[in-house]
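Visitor: Each chain, letter by letter, is given below.
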Amino acid sequence: MSEENKKTLGILAEFANPGELLKAAEKVRDEGYRKFDVHSPFPIHGMDNAMGLRQSKLGFIVGAAGFLGCVGGMTLQWWVSAVEYPHVISGKPFFSFQAFVPVTFELTILFAAIAAVFGMFHLNRLPQLFHNVFYSEQFAKITDDGFMISIEADDPRFDEEKTKSFLSSIGGTSLELIEAK
Amino acid sequence: MDLNTENKRLLESSKFGTFALICGIVGLVLTAVGYFMVSPEQMYHSWLTAFVFWMTIGLGGLFFTMLHHLTGAVWSIVLRKFSESLMAVLPWMLLFFIPVVFGIHDLYHWSHEDAVAHDQLLQGKAGFLNQPFFVIRSIGYFVIWIILSLSLFKLSVKQDNQHDASISAKFKKISAPGMLLFALSLTFASFDWLMSLDPHWYSTIFGVYIFSGSVLAVLSMIMLIALFLRKSGFLEEVITIEHYQDIAKLLFAFTVFWAYIAFSQYFLIWYGNIPEETVWFLHRWEGSWKIISMVIVFFHFALPFLILLTRNAKRNLTLLGIMGFWFLIVHWIDLYWLVFPSFHKHSVHFSWIDFTAMLGIGGIFMAIFWKKFTGNKLVPMNDPELSQSLHFTNV
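Note that the protein sequences, when read in sequence, are chains Y and D. All residue numbers for the first sequence refer to our numbering, where the first residue is 1 and numbers rise by one. All residue numbers for the second sequence refer to our numbering, where the first residue is 1 and numbers rise by one.
Take these hints with a grain of salt, some might be off.
[Unchecked claim] Using 30 angstroms as the maximum straight-line C-alpha spacing, the simulated BS3-like pairs for lysine-lysine come out as follows:
1) Y:K27 x Y:K57
2) D:K173 x D:K371
3) D:K290 x Y:K92
4) D:K170 x D:K8
5) D:K345 x D:K290
6) D:K372 x D:K158
7) D:K372 x D:K172
8) D:K8 x Y:K57
9) D:K345 x Y:K92
These are calculated hints, taken from the structure and not from any lab test.
Given these sequences and hints, build the entire structure.
Guide: Here is the structure:
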């Protein structure tokens, strides 16, 4: 690939410790950036707020799926036992909702659990096998002792020079322009 | 603001203790009047309901305290003094058990020798269900509860006065066997005091049913006391919205757990369809008892489940205040539903003594609680992990 074609994909900056990272994330948020991410070897308490992330929608996905499992489970058993294949069991009515509660309950849980796992994948945009920050050599440090912020080039406020000087003004070191290799 | 002296400020600024004591005395006097004016039988049944209601709150406090120590929970440290002060009332509840002993013939069918003589089932159970053994067992339960609550409470006061890291370990040492004893004693106490009202009937899950209601009741009570203090300008910075959300999560969880246990009990009896088991539910499905049964299904489970489902609801203090009273009221209805069908057999028949007994025992209960609560620091200041609890946040 020739030099001219190299395009900046984003900027990566390192911070000294989790506390610095948290403060920096707040400043990046307040500056108006939206397409940025923080990277750390472990979860940092309060980071969601510092990044300006809203409450996850996962709960509503799980709730809807659970409701579907509940209604679906009861309907399935009603259809099987009272419509399609009516069968007298221990002298009880065909539609004995009491007997159907355990299966309905289990299906509610099953649907909700599956929705929780795959909903989480979807909201986290997983599976994602590659991300632009992987072009950076120093990025490997985030699994060890690196605390970093990356801002992506397609953020509307992104400007190579301004963003770079902004990140260093809030304490970022080892600034690196991410470019495709 | 000095957290070390907040309890003195609270004691000076609030008349709650005196108010509760007056309510209690008035309630007890009116209940005694009811003994003569209405009927001893009605009075003893009302008394048993109210007695068990306040016992479940004291025992719930004991459970919450021991659970807190056993799990090493951090968030609930700021609530520990609440549950400890509630369980510290348990020794005094022994006094309120005395009328139950006096009312044994009015309450328990199995205590009549002539009834047992003509009843083969009761003869078979006579080795367990007889008057001396009933009283001995009840005293045994109280001995367990008094030893556990007093030793945990004393240790907590000791921790307030001296920095001693070994106290945290001692809490756990008492709580581990304590939890086992608690489970067994609560199960048998609920068998004796409530299940034996209908001596032919039995349900092995009954103790767990009482336990689940008891935890709901104590969580509501702790939450309401905290909200009351917050309104009066106490501990606002200590018990934050994050702590309330955690209580609300447990309330939500236990309303589901209660329904799980209640349905398990009903389900097996419904499926088995054996007359001596189903008759208990049949009594509760007769006449106006059916309404109470439906009220319990919807107000003890279905509605609270939907109301407390979302995160926003769990962080809405006004709503939580309403839900606190809600759960205490349905817990009482639940106990009423357990006790009274063996007395008012065909329809619900509320009496004013039901309420005076609640007021009487409850007033004294809360007055003793208040004395214990304000007599010590409102927050366990020497707990090694207190600062973590103060800064606790939900993810």
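Visitor: Has the given pair, D:K372 with D:K172, been kept, meaning a C-alpha gap of at most 30 angstroms?
Guide: holds, 22 angstroms
Visitor: Hinted pair, alpha-carbon criterion (30 angstroms max): Y:K27, Y:K57. Please report holds or violated.
Guide: holds, 25 angstroms
Visitor: Hint check: D:K345 vs D:K290, CA-CA at most 30 angstroms. Holds or violated?
Guide: Holds. D:K345 to D:K290 sits at ~12 angstroms (cutoff 30 angstroms).
Visitor: Would you mind confirming whether the straight-line C-alpha gap from D:K8 to Y:K57 stays at or under 30 angstroms?
Guide: violated, 46 angstroms
Visitor: Under the criterion that the straight-line Cα-Cα distance not exceed 30 angstroms, is the pair D:K170, D:K8 satisfied?
Guide: Given pair D:K170, D:K8 holds - Cα atoms ~28 angstroms apart, limit 30 angstroms.
Visitor: Could you grab the alpha-carbon distance between D:K290 and Y:K92 and see if it respects the 30 angstroms cut-off?
Guide: Satisfied, since the Cα-Cα distance of roughly 21 angstroms is no more than 30 angstroms.
Visitor: Run the distance test for D:K173 versus D:K371: straight-line Cα separation, threshold 30 angstroms.
Guide: With a Cα-Cα distance of about 27 angstroms, the restraint between D:K173 and D:K371 holds, given a limit of 30 angstroms.
Visitor: Holds or violated: D:K345 and Y:K92, Cα atoms, limit 30 angstroms.
Guide: holds, 27 angstroms
Visitor: Holds or violated: are the alpha carbons of D:K372 and D:K158 at most 30 angstroms from each other?
Guide: Holds, at about 14 angstroms.
Checked against the numbered hints listed earlier, the structure breaks hint 8 alone; every other hint is satisfied.
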